[in-house]
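Here the protein sequences come in this chain order: F and A.
In our numbering, each residue's number is its place in the first sequence (first place is 1) plus 6.
In our numbering, each residue's number is its place in the second sequence (first place is 1) plus 34.
These aren't lab readings, by the way, just hints derived from the structure by calculation.
Virtual Cβ for every residue (Gly too), placed ideally from N, Cα, C.
No incorrect hints appear here.
Residues from chain A shown here face chain F by an in silico Cβ test under 10 Å; the list is partial:
no.: 1; residue: H43
no.: 2; residue: Q72
no.: 3; residue: Q76
no.: 4; residue: Q79
no.: 5; residue: C125
no.: 6; residue: L137
no.: 7; residue: F139
no.: 8; residue: G142
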Amino acid sequence: EAGVAQSPRYKIIEKRQSVAFWCNPISGHATLYWYQQILGQGPKLLIQFQNNGVVDDSQLPKDRFSAERLKGVDSTLKIQPAKLEDSAVYLCASSSGGGGSLWQYFGPGTRLTVL
Amino acid sequence: AQSVSQHNHHVILSEAASLELGCNYSYGGTVNLFWYVQYPGQHLQLLLKYFSGDPLVKGIKGFEAEFIKSKFSFNLRKPSVQWSDTAEYFCAVTSGSSNTGKLIFGQGTTLQVKP
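Next up, chain F with everything else stripped away, as it sits in the complex (with noise of 0.2 Å):
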């Protein structure tokens, strides 16, 4: 089965510019995370959707970044204006349900530098 897609895969941008990030999930799966990973740290979740609905948002900076999962299927993740702090790689994740005995499977990243 083809895997979690993300584009684009390097990103380069000025401080308070605005950048977008497309995430294509597993066929199938309803539940949808994107996470931030700074480097030297693990990937923290901003937020979870099952379905097209907000399940998780919590740690997600509100004033400045905002996602959306139009249809229940892809989603997209803005960053408005963007901030030196938010250089990090953007990972998208996916699973079939949003138990937390369901394992997620990783898209390969998007990589955001803020200069």
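With chain F held as given, fit chain A onto it using these hints.
The following block gives chain A in isolation, referenced to the frame of chain F:
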């Protein structure tokens, strides 16, 4: 709040040496435990998981991990490492009673195997 601690940030071994990577978590309830691996240039992949039952779990490529509930630990082991095991290893936990599947990751351990 849940947290995961990985004891070693950077481990260097020679081929055929034995490996043990430490992982401790803080959470008082039922947990599901995972080890993910990220090979150079590749995305995060599931190495093994523990949900319930036998606390000694076996994963891919000869890896195994032991869940010791009294010590809140889930250490990863391999009797004889190969150069191809060079990668970054992440321990992660979800609440077993949660319906969100939110993964809490440790900071990761970089393993370098010298040929």
